[in-house]
Amino acid sequence: MASLTSDQIKVLEQSRQRLVQLTRSLGSLIASLNQSDPLPPWSSLQSQASIISNNLVSVSEHLSDHRDLLSSLVAYPGPDYPGRTQASTLEQLLRTKLDPRVEDWVARGRAAGTEPPALDASNLNPSAVAAAAQAQKPLSEAELAELWEWAPIEANQEARRRNWGGNFTLEEREAGIQNVVTGLKRQLEDDEGSEDEEEEEEEEAEESGEDEMEVVGVHRKSGGDGFEFEIAQHHAHVVEPVVPLGEILRYMTTGRMQ
Amino acid sequence: MHELLLFASVPVHQHHELLQQLAGLTAMQPRHSVERRLIFKAYRKPGLVTSRVGGSQDLQQSGDLQRVNKMLNGGMFYTQVVGPVSESDFSPAAPAADPDTQMEGMDESKPPVQGTSSYDFEQQPWKLEFRDIPEAGTRSAVTSRVMASAALPHGDIIPSMNAWGYSFVTEYVVEGDVFIQNDIVIYLHRVLHYPSGEQEHREPRRHLPVLKEMTPLEKSGSYVLQASVNVQDGSNQETMKTASQRLFGLREQLKSAVRLEQADRLCLDTRAK
Numbered sequence: 001m002a003s004l005t006s007d008q009i010k011v012l013e014q015s016r017q018r019l020v021q022l023t024r025s026l027g028s029l030i031a032s033l034n035q036s037d038p039l040p041p042w043s044s045l046q047s048q049a050s051i052i053s054n055n056l057v058s059v060s061e062h063l064s065d066h067r068d069l070l071s072s073l074v075a076y077p078g079p080d081y082p083g084r085t086q087a088s089t090l091e092q093l094l095r096t097k098l099d100p101r102v103e104d105w106v107a108r109g110r111a112a113g114t115e116p117p118a119l120d121a122s123n124l125n126p127s128a129v130a131a132a133a134q135a136q137k138p139l140s141e142a143e144l145a146e147l148w149e150w151a152p153i154e155a156n157q158e159a160r161r162r163n164w165g166g167n168f169t170l171e172e173r174e175a176g177i178q179n180v181v182t183g184l185k186r187q188l189e190d191d192e193g194s195e196d197e198e199e200e201e202e203e204e205a206e207e208s209g210e211d212e213m214e215v216v217g218v219h220r221k222s223g224g225d226g227f228e229f230e231i232a233q234h235h236a237h238v239v240e241p242v243v244p245l246g247e248i249l250r251y252m253t254t255g256r257m258q
Numbered sequence: 259m260h261e262l263l264l265f266a267s268v269p270v271h272q273h274h275e276l277l278q279q280l281a282g283l284t285a286m287q288p289r290h291s292v293e294r295r296l297i298f299k300a301y302r303k304p305g306l307v308t309s310r311v312g313g314s315q316d317l318q319q320s321g322d323l324q325r326v327n328k329m330l331n332g333g334m335f336y337t338q339v340v341g342p343v344s345e346s347d348f349s350p351a352a353p354a355a356d357p358d359t360q361m362e363g364m365d366e367s368k369p370p371v372q373g374t375s376s377y378d379f380e381q382q383p384w385k386l387e388f389r390d391i392p393e394a395g396t397r398s399a400v401t402s403r404v405m406a407s408a409a410l411p412h413g414d415i416i417p418s419m420n421a422w423g424y425s426f427v428t429e430y431v432v433e434g435d436v437f438i439q440n441d442i443v444i445y446l447h448r449v450l451h452y453p454s455g456e457q458e459h460r461e462p463r464r465h466l467p468v469l470k471e472m473t474p475l476e477k478s479g480s481y482v483l484q485a486s487v488n489v490q491d492g493s494n495q496e497t498m499k500t501a502s503q504r505l506f507g508l509r510e511q512l513k514s515a516v517r518l519e520q521a522d523r524l525c526l527d528t529r530a531k
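These protein sequences, in sequence, are chains F and H.
Take 1 as the starting number for the first sequence in my numbering and just add one per residue.
Take 259 as the starting number for the second sequence in my numbering and just add one per residue.
By construction, these hints were calculated from the structure, which means they are not laboratory data.
Any given hint could be a false lead.
[Said to hold, decoys possible] Chain F is faced by these chain H residues, among others (derived, beta-carbon under 10 angstroms):
{"#": "1", "residue": "Y430"}
{"#": "2", "residue": "P453"}
{"#": "3", "residue": "S480"}
[Stated by the list, open to error] Pair ranges (Cβ atoms, derived):
{"#": "4", "chain 1": "H", "residue 1": "S398", "chain 2": "F", "residue 2": "L63", "range": "44 to 52 angstroms"}
{"#": "5", "chain 1": "F", "residue 1": "I9", "chain 2": "H", "residue 2": "I438", "range": "53 to 61 angstroms"}
{"#": "6", "chain 1": "H", "residue 1": "S398", "chain 2": "F", "residue 2": "T182", "range": "44 to 52 angstroms"}
{"#": "7", "chain 1": "H", "residue 1": "A406", "chain 2": "F", "residue 2": "V180", "range": "53 to 61 angstroms"}
{"#": "8", "chain 1": "H", "residue 1": "A285", "chain 2": "F", "residue 2": "I9", "range": "51 to 59 angstroms"}
{"#": "9", "chain 1": "F", "residue 1": "T114", "chain 2": "H", "residue 2": "R397", "range": "50 to 58 angstroms"}
{"#": "10", "chain 1": "H", "residue 1": "M259", "chain 2": "F", "residue 2": "S28", "range": "34 to 42 angstroms"}
{"#": "11", "chain 1": "H", "residue 1": "I391", "chain 2": "F", "residue 2": "M257", "range": "12 to 20 angstroms"}
{"#": "12", "chain 1": "F", "residue 1": "K10", "chain 2": "H", "residue 2": "R397", "range": "40 to 48 angstroms"}
{"#": "13", "chain 1": "H", "residue 1": "P467", "chain 2": "F", "residue 2": "I153", "range": "24 to 32 angstroms"}
{"#": "14", "chain 1": "H", "residue 1": "S346", "chain 2": "F", "residue 2": "E146", "range": "23 to 31 angstroms"}
{"#": "15", "chain 1": "F", "residue 1": "P244", "chain 2": "H", "residue 2": "E275", "range": "15 to 23 angstroms"}
Just so it is clear, CB atoms sit at the ideal spot from N, CA and C, and this is done for glycine as well.
Isolated chain F (complex conformation) (with noise of 0.2 angstroms):
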């Protein structure tokens, strides 16, 4: 049994280093979220788990670059180790199976990683194994390209189906709007009968040439053709400022431009 050299040992001690990493950030975010009331703000919750996973990439891949040497490796105590004093810590060196609860984890994860979806296992007839390695196979570029020019357009187009103002749609109405969870503590009220009004009320303003920034409705077609989409709202009628910034300050500093 040959004795360690020292890359070897540097490997290990790398692991471990990496190891302790990822426990002290884990811990830290445990910590932050049984201590601080009111809870931490969202950004530093995801700056923390940000850094968790960059650990726990750090740590996956170190393990799988010194894989050969990590699985081949055996623990076994040497002659001056204290086994009367350190015996639990022994035992968890010397173990070979892993802990129970470790066990369970691993297995959840494996599961979770290789879950084909909802497979049926009676029914295992070809056709159906070909369909599932087919939707587990990820998109190519192309497939993806094609999905992201269809998918807006569609959006849209079935968004103008739609006859949108109000707070329910048809299918709720018919269901009794009574039974719709909003998931809000002020009532909705269902506006349909007024909505005509303010369409007109909009138009007038419209009509009457005035500010487009008084008509909060700019984005409603007029038509009563439904809205303008928000994908083609921005920039509709950009104008950019023509006093810079500083010369609207001077002015209203000194009441002078320059």
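Assemble chain H onto chain F, guided by the hints.
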């Protein structure tokens, strides 16, 4: 008091969207505000002895004179007098009805004088707002300046201002919306001019025109976004630092919408030359 500021220019097409974004960010509805702002300028009072350099034999007296003159004339600043008004203070939009029908409708709640509102100049509250020129050479990327404000008597403030050595320069109206986020006051506003065609006023208007007839200073109607934090003790480096950190935090949050930045110091120069 110190004031730390960041500014951004907001094109008109972005205004509505930004209002909604700010309402979401600050979890409050915008508080609409309309203010009259009068600009006053300090002037050198006539009759003060101008020291003739080297003209006097009596060095002692000349030194005293110089000191007194410096005290009296040293810091001459533009200052603003701000008066909050409401939209109902402006004249109602020119009624479609002609004066004849108004004569008939004597019992209407409208005041008999055509084109005036309930605006009462004598009851207009005013506030004097002094702003120093922003501090030079600060390494932090925010505009920081000394500020002070004080309440003034209601109504006609010209006599009091004149007595203090300030003369009326011009006035304009600022309309906008205020949001508050923690310590930060976010003010999205723009300057409105009084309708042109009126003769140059030498004193504040006693009647307000129709709000719709006011024209934005920036012809495209763009807005200015101002984020400010007030610090009571400007000499305390710690609080000043915290305040600018807050502003930087806001700048980060709004980064994808607008670019808040420090204003050019000379644009906010309030010294009267």
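request  = Against the structure, test the hints numbered earlier, and report the numbers of the ones violated in rising order.
outcome  = Going through the list in order, the structure violates hints 2, 13, 14 and respects the others.
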